[in-house]
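Student: The listed protein sequences correspond, in order, to chains A and B.
Sequential numbering from 263 applies to the first sequence in my numbering.
Sequential numbering from 72 applies to the second sequence in my numbering.
In short, the hints are calculated from the structure, not lab data.
Taking lysine-lysine pairs in the DSS-like style, the calculated list, with each CA pair at most 25 Å apart, reads: (1) B:169 with A:323; (2) B:163 with A:323; (3) A:323 with B:171; (4) B:169 with B:311.
Just some of the chain A residues that point at chain B, by a computed CB distance under 8 Å: (5) 265; (6) 268; (7) 272; (8) 279; (9) 283; (10) 298; (11) 302; (12) 306; (13) 309.
Ideal Cβ positions, reconstructed from N, Cα and C, are used throughout, including at glycine.
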Amino acid sequence: MSLKAFHVVFLISAIALCLGFGAWQVRVFLEDRGWLDLVLAAASLLGGVALIVYFRAMLRKLRDFSYL
Amino acid sequence: MPAAAIPPLDMEIPYTAEARPDTGVYNAKIGLWLFLASEVMLFGALFSSYILLRVGSPEWPQGLLSVPIGALNTFVLIGSSITVVMSWLALKGNDFGKFKLYMGSTILLALLFISIKSFEYHDKFTHYFVKLKDGTELTGHIEGRPFNWSLAKLKASANAPREIAFHPDAPKQGEPVPDSTHQTLRLPVEQIAKLESFGPWRNTYLAIYFTLSGLHALHVVGGIVVMLYHWGAGHRLWRKSREQFTNRVEVTGLYWHFVELVWIFLFPVMYIL
Numbered sequence: 263m264s265l266k267a268f269h270v271v272f273l274i275s276a277i278a279l280c281l282g283f284g285a286w287q288v289r290v291f292l293e294d295r296g297w298l299d300l301v302l303a304a305a306s307l308l309g310g311v312a313l314i315v316y317f318r319a320m321l322r323k324l325r326d327f328s329y330l
Numbered sequence: 072m073p074a075a076a077i078p079p080l081d082m083e084i085p086y087t088a089e090a091r092p093d094t095g096v097y098n099a100k101i102g103l104w105l106f107l108a109s110e111v112m113l114f115g116a117l118f119s120s121y122i123l124l125r126v127g128s129p130e131w132p133q134g135l136l137s138v139p140i141g142a143l144n145t146f147v148l149i150g151s152s153i154t155v156v157m158s159w160l161a162l163k164g165n166d167f168g169k170f171k172l173y174m175g176s177t178i179l180l181a182l183l184f185i186s187i188k189s190f191e192y193h194d195k196f197t198h199y200f201v202k203l204k205d206g207t208e209l210t211g212h213i214e215g216r217p218f219n220w221s222l223a224k225l226k227a228s229a230n231a232p233r234e235i236a237f238h239p240d241a242p243k244q245g246e247p248v249p250d251s252t253h254q255t256l257r258l259p260v261e262q263i264a265k266l267e268s269f270g271p272w273r274n275t276y277l278a279i280y281f282t283l284s285g286l287h288a289l290h291v292v293g294g295i296v297v298m299l300y301h302w303g304a305g306h307r308l309w310r311k312s313r314e315q316f317t318n319r320v321e322v323t324g325l326y327w328h329f330v331e332l333v334w335i336f337l338f339p340v341m342y343i344l
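Bound conformation, chain A alone (with noise of 0.2 Å):
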């Protein structure tokens, strides 16, 4: 597996973590209305987002790289 195979893996990982804790901030807020936890939440969303626009730009750049 190259890295390219390995940032693959790496990412999706990443932005399941960043989707997943955004969303258990934004539940977190709403129960104890914490300022730190809105920030916390908005920025893991936005770093899931940013890293699915990444991974499009990256997958698209790596295109001639091997898997292997």
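Got chain A; can you put chain B on it based on the hints?
Tutor: Here is chain B on its own, set in the frame of chain A:
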């Protein structure tokens, strides 16, 4: 008896740049994946231990670690995974200057991760549990934030104080606010039955937290050493064999991604669940 033949120092090691016909990849990549397989077993055993300890525990502490700090460290590591791939791509594009920039950024992000982790560790070793002889239990900080005190150490010190100034923790959401909150308590040392910091000895959760995160941090330090070597002395091999150097950076990137993937599991397990 004939003298053993000494191989010349400049002998050529095969398949460092080109793929080996039977495996389809160069040797360093196979070697690195075998190493990572052993690492999966190591971390897998520790994660399994965590699950067994947690399932068998009647209660599990929550909120001992700072989620914002853990999240910040997660973002730092995700950023470093992008820069390490960029450094490899720079070499593929024959741009050594950009490689230095991206590899340097990866090293800085890794150092930032270790700094934040050290801050977290320090915070745990300056956070205390106190049990008084009348049965009262308190958690909080001792004035001056002494590092890793215990009752035995306190009594044995040359200038043993007769009392300590203690700042109790703020109550968690939903808990009643005791009178002592926001006050500095003066606790006579002779009234203290137990004093310990939130180190790995405090409870099972902290023991597995320090084991897992400490082992992970050691891996991060190992990665920093290897990346510093590539960043510093790398130009010599780059001049001699560009393909071989690019492959070395790729396997370093594979190792780095593994270390980051461990953190992707470690963060929710230790900080959130």
